[in-house]
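Colleague: Take a look at the letters that make up each chain.
2 protein chains.
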Amino acid sequence: MNGAESLLRTLVANGIDVCFMNPGTSEMQFVAALDRVPQMRGVLCLHETVCAGAADGYARMTGRPAATLLHLGPGLANGLSNFHNARKARSPVVNIVGEHSTAHLRYDAPLTADVAAFAHPVSGWVRTLDQAENIGAAAVEAVREARRPPGQVASLIIPADHSWSEAGEPASAAADEPRARPAEANLRAVAAVVASGERAAFFLGGSAASRAGIEAAARTGLPVFLNRYSGRVPRGRDWAFARRVAYFPEPAEAMLQGLQHLILVEAEAPVSFFGYPGRPSTLAPSLCRLHVLASHHEDGVAALESLGGKSVLPAPAPSTAMPPDGALTPESLGAVLAALLPADAIISDEMISSGEPVNSALAGAAFHDLLPVTGGSIGQGLPVAVGAALACPQRKVVALEADGSAMYSLQALWTMAREKLDVVTVIFANRRYRILEVEMKRTGAGPIGPKADQMIDLSRPVVDWVSLARGLGVEAARATTVAEFATLLTRALATKGPRLIEAQL
Amino acid sequence: MNGAESLLRTLVANGIDVCFMNPGTSEMQFVAALDRVPQMRGVLCLHETVCAGAADGYARMTGRPAATLLHLGPGLANGLSNFHNARKARSPVVNIVGEHSTAHLRYDAPLTADVAAFAHPVSGWVRTLDQAENIGAAAVEAVREARRPPGQVASLIIPADHSWSEAGEPASAAADEPRARPAEANLRAVAAVVASGERAAFFLGGSAASRAGIEAAARTGLPVFLNRYSGRVPRGRDWAFARRVAYFPEPAEAMLQGLQHLILVEAEAPVSFFGYPGRPSTLAPSLCRLHVLASHHEDGVAALESLGGKSVLPAPAPSTAMPPDGALTPESLGAVLAALLPADAIISDEMISSGEPVNSALAGAAFHDLLPVTGGSIGQGLPVAVGAALACPQRKVVALEADGSAMYSLQALWTMAREKLDVVTVIFANRRYRILEVEMKRTGAGPIGPKADQMIDLSRPVVDWVSLARGLGVEAARATTVAEFATLLTRALATKGPRLIEAQL
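Quick note, the sequences are listed as chains A and B, same order. Each residue of the first sequence is one higher than the one before, starting from 1 at the first, in this note's numbering. Each residue of the second sequence is one higher than the one before, starting from 1001 at the first, in this note's numbering.
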């Protein structure tokens, strides 16, 4: 069989059966091979940023890599910003990038670029295939590297002639490398902190920011904080005690104030998103001692469970009540969402400036998985929702999107329609890069003059999200009041398939 | 003054007065400084691929760089595919990328990435600013490097603290480096070829693929071929004799068949876009001798003019007649476009599979500048049209777009509406990645099965370009017949401002 078929069969043998793709000429053999490898599902995305973000979302929900198939250097380049987010989420992704045939490469044809150089900043592993017969072995290595704890983007670059040449049989499955057990010295040191009675708290990220990890941490009786940039965290009334550290440094510092010890589990010490003039970047008190219980690649849950403890889990938060009718604000939108969200939903959150009030309200909602911003590159939310919906077809996915961010990857709506994905998208249409207004002041840049305002304003012309969604095949409607939003959301949650609601703020 | 203002003033002093931007927190000082530097025009783009492509289009029409202002590594990453096209076009661009403040960088905050690594593959010059006081000098160097013949992307990375710190006065203007005169030996060798009477032709690219270059080449009496991937070429009835070498290797080889000499002027020897099994990549006959008259950075026009010659320019091509009413095809669309195109228009061409028939028809149109695909990364056409329209507000810009490619950077439509740019966009809506059907056969990938077809098909769901354009503030309508298209095009050409026509094939 040719290289392309050998690669697809090797991926399938390694449990990878979804490939988000936007192929070109150099990847045509892979496309043709789809019909010979029925177990592999090809999902067409109309821009590579959707492929990369969808693979990230898929990995966050399954813990397993999906594949991406991209066209040469420029196709990869288009996916880089969402691969950046996947890298920060530590999501496993097997990223296949086509390359010109080896004979053609030396001629510097228009599409020729340094593919490996594009791949390196976002990948934990990069390899350019040297010959067709090695394609199966290279695919196994890519899968193993993608899955290597805590997970990473593994980029395999395949010259076109290796996919159209005879390549022999596919390779068999790779053995998974388990998460390492943390050092005993770490466990003992943290146990001593827990027993000391001094003011200590946990800071959980990665696989430790999970139900099992949070429960184990809480049983020690210490407060539990979550890295707000973890790939996936459980949330809802029962989990409200585990708080994500705030975005801005002042409230974040207030949350951590007075702590003598912060115990890091699959997380670095918390830092602010941006640096500001005259402000430290770190958020924990300056005298707070940091303790590493488990590094990113180690088994933080097992380490937490080994600490024992018998504390009762904190009481659930009160349910959020439906707000009265009135104007749409982030607060009222959050309350409606919290009241109506079904149990076991998945929320992809890219609300940016609207995020704090909505997320506060959602702490009182039914249990859901939250897929937060990880790398801060906007355009993550809709593609991550695509991947999450593919991964969990029985669960409702709700994508909460700032209008400015949604514009970065609106092509994802088309894939939602094509694949009939069960995603409700809510656009927080404040018609402004509102966060920049805030940041303008914080960075001391001074007042916003009329020219500066033009770089922040999205209202001239107004973006009509209902029109955009319909143009991409997704049913859509606009809400201007709380009652309208509640009606539209109720209907969307009760129906399978993609819907979009533009919430006009 | 702070670093941001010093940088803007230095750019203005160096003739750069347009900046395509999508700023974030680390670039807020630049945004604020816009109101203190009235000569600098900020143009907001809703995705960085629009910034990069617009700067490319601006440079192609003016020969001067515009600036881009992008947000950290991920913002730059989003622009890379159109910077790739700018690199292949050899367009000068001064690319300013914000970076975290130096104190914050070490903390690996979410948005932290290797900005310089992202920049290198598309840039001829990359520098990370070391201190605020050097910002003016660094900006001068960036401008000089961007303009260095034949032109390149110069990327200047600026940590946020250097833009908010005191930086002193702006630097003054840089002296331009002129294009070098080609070696006398080259001129003599080519003069001998011209005089030999053997079958020889010119292959012009870069600044030589211009009116002056083509006229000078034609006066020698030799045939003139153009690099189809040049950034800008003149076209129309009077220039039809200068033919762009075809996309596919077979017709390209047929054009060059029998040549004993090919004289390269600011161009490499022509190669096919992709490599195919069992086919050479080069297009000139194997025994054809290649002669370099001028390299990319040399003055090809002066070299051509030095050859002398008195041949009369070939006769103009016949005008293209309006076709009868009927179904829309690339052929009938091309004929309507050729018949109605006003003199001195600018065409941004990203028609992909519809390109050959339309471009053949346009060879019989009134004079226009053609901005072709250069690097082959799709999503170029609409952003390049934005930049061209900004650069030449008195000229009509016509963006001819494949539907698949337009989807890559549809955010450009919003900037057209915001800036009231005089651009008519025609979407060639065949609802398919049609080119891949052709390439599927050429690469020997075999028949297109049902799963493969799903990766090529854009009709489930249908993309409604009228709805998309209206959603982004651009007036739009759909044409399904030749008469409808002619009516809509006539109206759009007669009106100032952005319009979109979806031509349903």
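FYI, nobody ran anything at the bench for these hints, they're computed from the structure. Any given hint could be a false lead.
[Claimed, not checked] Once the Cα atoms are required to be at most 25 angstroms apart in a straight line, the calculated SDA-like pairs of lysine to any residue come out as:
#1 Lys1441(B) <-> Ser459(A)
#2 Lys1496(B) <-> Ser459(A)
#3 Lys1451(B) <-> Tyr107(A)
[As the list claims (entries may be wrong)] To list a few chain B residues with every Cβ distance to chain A over 12 angstroms, as calculated:
#4 Asn1002
#5 Ala1004
#6 Met1021
#7 Arg1041
#8 Ser1101
#9 Ala1117
#10 Pro1121
#11 Asp1176
#12 Glu1215
#13 Gly1258
#14 Pro1270
#15 Gly1275
#16 Thr1374
#17 Gly1379
#18 Thr1481
Positions of the beta carbon are idealized from the N, C-alpha and C atoms, including for glycine.
Colleague: To test your reading of the hints: which numbers does this structure violate?
Modeller: Hints 1, 3, 4, 5, 6, 7, 8, 9, 10, 14, 15, 16, 17 contradicted; others consistent.
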